[in-house]
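Please construct the entire structure, taking both the sequences and the accompanying hints into account.
Number of protein chains: 2
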Amino acid sequence: MNVTEAITARKSVRAYLDTPVPADVLEKIVEAGRWAPNAGPIQLSVVRNAELRKKINDVTLDAMAHSGIEFLRQRAALPGYQPLYDAPVLILISGPVTIPISAVNAAVSAENMLLQATGAGLGSCFLLSLTLAFDGADGSDLLQKAGIPDGYRVQCAVIVGYAAPESKFTTGERTIKGAVSYID
Amino acid sequence: MNVTEAITARKSVRAYLDTPVPADVLEKIVEAGRWAPNAGPIQLSVVRNAELRKKINDVTLDAMAHSGIEFLRQRAALPGYQPLYDAPVLILISGPVTIPISAVNAAVSAENMLLQATGAGLGSCFLLSLTLAFDGADGSDLLQKAGIPDGYRVQCAVIVGYAAPESKFTTGERTIKGAVSYID
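For the protein sequence lines, the chains are A and B, in the order given.
Residues 1 to 184 in UniProt numbering are what the first sequence spells out, letter by letter.
Residues 1 to 184 in UniProt numbering are what the second sequence spells out, letter by letter.
Just to be clear, a hint being listed does not mean it is correct.
The list treats identical chains as interchangeable, and a pair is accepted whether it falls inside one copy or across any two copies.
Using 27 Å as the maximum straight-line C-alpha spacing, the simulated DSS-like pairs for lysine-lysine come out as follows [what the hints assert, rightly or not]:
(1) Lys177 to Lys145
(2) Lys168 to Lys145
(3) Lys28 to Lys168
(4) Lys54 to Lys145
(5) Lys28 to Lys145
(6) Lys11 to Lys145
(7) Lys11 to Lys28
(8) Lys28 to Lys54
To be clear, the hints were calculated from the coordinates, so they are not data collected in a lab.
Below you can see the structure in the form of structure tokens.
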């Protein structure tokens, strides 16, 4: 798939099949994250472990429900809603809390992985709400289980897997966003 | 160019030819920025105007020199250093200051544009230091000239153009970054 096609085909997939992601495909996705323009260290933790994914999912769901942020509270209240959408692979992207641009470093790596996954025919989704789980009371336990280095924060995450035919949690039609002005 | 090639070929180009970027190529780069996974509004300001680019360049250079950040101070002190590297096109990516994730929204859009530019055979570079210019004393004037809406902050930027054969400001060998761990 050429780069333009990958950019326009990429969308937020919110329902996944059980089918595992082949190891070589996953390695290429992770490698794509490492080729991003990072000005500072990042850590990619690739969580295939089902128990840990469920734990992160459940803590995130609870944190969303109690976040005080109306959009997140409403999402968490939807029947059957799971923040990790049962994806078979979760990739956590973390960076040092002492570096203000860690969030930006993580985001550009995430985008590379989303596009590489799209090119490989996989569904994917960029996740931010799960940072609530790692920043909350259960955070230090989750950080340890996920192998995040001391002093690092989970800045964002990506889920990947084979897309299920239908998702009841898709938030809307896929449209192009962003206003543009030319200053000539 | 396929998506994997674009991801691995993308690099930070810090010297540009005068050659203008064709309008249709630039429009595709800008459109790529609008297809990113943004959870909130962003504004893309495409600055081709030479006078405004020079003003932003000069204010950034001064801000870097007085930033108190040693790395930025050292870069600014390099003979002939120009923060915008004389690129013919500067794309400012801004988002509302009231949305905490505006920086992340801007970053994923930036990465899309960098990859689209790479696929089109153009050089590009992700810029963060120029946010100093817009956040500083001359900021409101620059924001107005660049057509940035009220309440928006320039979160990051991308420069694009045809790469010059050599750059004396390249910071080091292009290497893959980011530590990886698998949690199975």
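Right, here's what the structure says about each hint:
Taking the closest pair of Cα atoms, Lys177 and Lys145 come within 27 Å of each other only across two copies (23 Å); inside a single copy the shortest separation is 37 Å, beyond that limit. In this assembly of identical chains, the alpha carbons of Lys168 and Lys145 never lie at most 27 Å apart, being 31 Å within a copy and 44 Å across copies at closest. In this assembly of identical chains, the alpha carbons of Lys28 and Lys168 never lie at most 27 Å apart, being 29 Å within a copy and 32 Å across copies at closest. Taking the shortest Cα distances, Lys54 and Lys145 sit within 27 Å of each other inside one copy (12 Å), while across copies they are farther apart (49 Å).
When the C-alpha separation of Lys28 and Lys145 is checked against a cutoff of 27 Å, the pair qualifies only within one copy, where the shortest distance is 24 Å, while the shortest distance between copies is 42 Å. Taking identical chains as interchangeable, the C-alpha atoms of Lys11 and Lys145 are never at most 27 Å apart, the minima being 29 Å within one chain and 34 Å between chains. In the homo-oligomer, the alpha carbons of Lys11 and Lys28 lie at most 27 Å apart both inside one protomer (19 Å) and across protomers (18 Å), since each shortest distance falls under that limit. Taking the shortest Cα distances, Lys28 and Lys54 sit within 27 Å of each other inside one copy (25 Å), while across copies they are farther apart (40 Å).
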